[in-house]
Amino acid sequence: MRKLLASAALVAFATGALAEGSGVPDTDGPNLTLEIAGATSGKVVIDLLPDVAPKHVERIVELAKSGAYDDVVFHRVIDGFMAQTGDVQFGKRGGNVQMAGMGGSDMPDLPAEFSNRSFERGMVGMARSADPNSANSQFFIMFEPAPHLNGQYTIVGHVIEGLEVVDQIKKGSAARNGIVDEPDYIAAASVEE
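Just add 7 to wherever you are in the sequence shown, counting from 1, and you've got this note's numbering.
Hints are computed from structural coordinates only; laboratory data are not their basis.
Mixed in with the good hints there might be a few duds.
As the list claims (entries may be wrong) - Listed next, the in silico BS3-like pairs over lysine-lysine satisfying Cα-Cα at most 25 Å (straight line): (1) K62 - K177; (2) K99 - K62; (3) K50 - K72; (4) K50 - K178; (5) K50 - K99; (6) K178 - K62; (7) K72 - K99; (8) K177 - K99; (9) K72 - K62.
Unchecked claim - Computed beta-carbon distance windows for the label pairs: (10) D35 - N103: 20 to 28 Å; (11) E65 - G87: 15 to 23 Å; (12) E189 - P139: 31 to 39 Å; (13) S180 - M114: 30 to 38 Å; (14) N140 - E69: 16 to 24 Å.
Small disclaimer: the values here were computed from a predicted structure and weren't measured.
Yeah, the Cβ is synthetic: ideal placement off N, Cα and C, and Gly gets one too.
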């Protein structure tokens, strides 16, 4: 099975279907580029999946194009699990980020768009409260697979470049559920369609 997957990856790379160095296919969806700054820095490119979660992708694109994600911190980062960001209401760098993770945008929450995709390393999902239809602006990037999230959170994309930058995002305290002191942040977010 592993050999079959490796062969498929080689064919996809040879035909240009894989993003360079990622091992993950780049689809026709728009790409979200995050310029990360703070204790670590670099570029992360996320291939968004409008065929999987059209309303969520539309929201992310709209927020990125408006500059809403610029200077938003990675407020919750759990080693071996995920890095969460995107609170455009309470998560802006330079302000009081004590409530980061509790806010969203000024747009309404989104209905869940669950899929049969799996939360593997590099997948990007939308954060939400206990209500499945409460995702708004926050998202998270997986460090490792988390099958318990499958079918419970909306998958919106996957990292096609810069996974090594994601790995270096400053981790939070396990005792504080991943809350980060002096967190890394999105210096700028942009979308290429």
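Exercise. So the hint says 30 to 38 Å: do the beta-carbon atoms of S180 and M114 match that?
Worked result: 31 Å, holds
For this session: Would you check the hint for K50 and K178, treating anything up to 25 Å between C-alpha atoms as holding?
Result: 18 Å, holds
Exercise. Would the pair K177 and K99 pass a check requiring their Cα atoms to be no farther apart than 25 Å?
Worked result: 16 Å, holds
Exercise. Per the hint of 15 to 23 Å, is the separation of the Cβ atoms of E65 and G87 within bounds?
Worked result: 31 Å, violated
For this session: Below or equal to 25 Å on CA atoms is what counts here, so check K72 against K99.
Result: 16 Å, holds
For this session: Evaluate the given range 16 to 24 Å for the C-beta pair formed by N140 and E69.
Result: Given a distance of about 18 Å, which is inside 16 to 24 Å, the answer is holds.
Exercise. Taking the CB of D35 and the CB of N103, does the distance hold inside 20 to 28 Å?
Worked result: 40 Å, violated
Exercise. Is the straight-line distance between the alpha-carbon of K72 and that of K62 25 Å or less?
Worked result: Between K72 and K62 the Cα gap is close to 15 Å, so the pair holds against 25 Å.
Exercise. Quick one, are K178 and K62 close enough, alpha carbons at most 25 Å?
Worked result: The given pair, whose Cα atoms are some 30 Å apart, is violated under the 25 Å limit.
Exercise. Does K99 lie within 25 Å of K50 when you go C-alpha to C-alpha?
Worked result: 19 Å, holds
Exercise. Does the structure keep K50 and K72 at a Cα separation of 25 Å or less?
Worked result: Holds. K50 to K72 sits at ~17 Å (cutoff 25 Å).
Exercise. Between K62 and K177, does the CA-CA distance stay at or below 25 Å?
Worked result: 30 Å, violated
When each numbered hint is compared with the structure, violations occur for hints 1, 6, 10 and 11.
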